[in-house]
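Residue 83 is where the sequence shown starts when you use the working numbering, and the numbers rise one by one after that.
To be clear, the hints were calculated from the coordinates, so they are not data collected in a lab.
All the pointers check out, no bait thrown in.
As a list, the in silico BS3-like pairs of lysine-lysine whose alpha-carbon atoms are at most 25 angstroms apart:
#, residue 1, residue 2
1, K119, K139
2, K132, K119
3, K138, K119
Just so we're clear, the structure is a prediction, and the values are computed from it rather than from any experiment.
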Amino acid sequence: YLFREKAPYNVLYERRIDRIGCFMCPSSDHATFEIIKRDYPDLWEMWQEKLGYWMKKNNLPEEWRTNAQWRQRGGEDDTSSYT
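All chains should be built: construct the whole structure from the sequences, respecting the hints.
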């Protein structure tokens with residue numbers, strides 16, 4: 083998208099580091115989340131708190147957070163963010 087639209091972007095994309103455009107990109111793989119959890123526990127905890135707030139506000143089950151269901155689009159077709 084960024085290259086197609088000629089939008090400003092982080093130069094790390096040119097070094098083949100992907101999914102850096104937004105914090106906790108839903109299209110990141112699970113390994114990326116595990117790295118953040120391990121190496122940046124404060125950021126991980128902040129993210130979990132934000133997810134918990136959204137989860138409660140929208141009456142979502144705990145599995146929504148623990149099973150990373152927040153990554154799904156949640157529309158009528160409920161497809162993954164990968165599609």
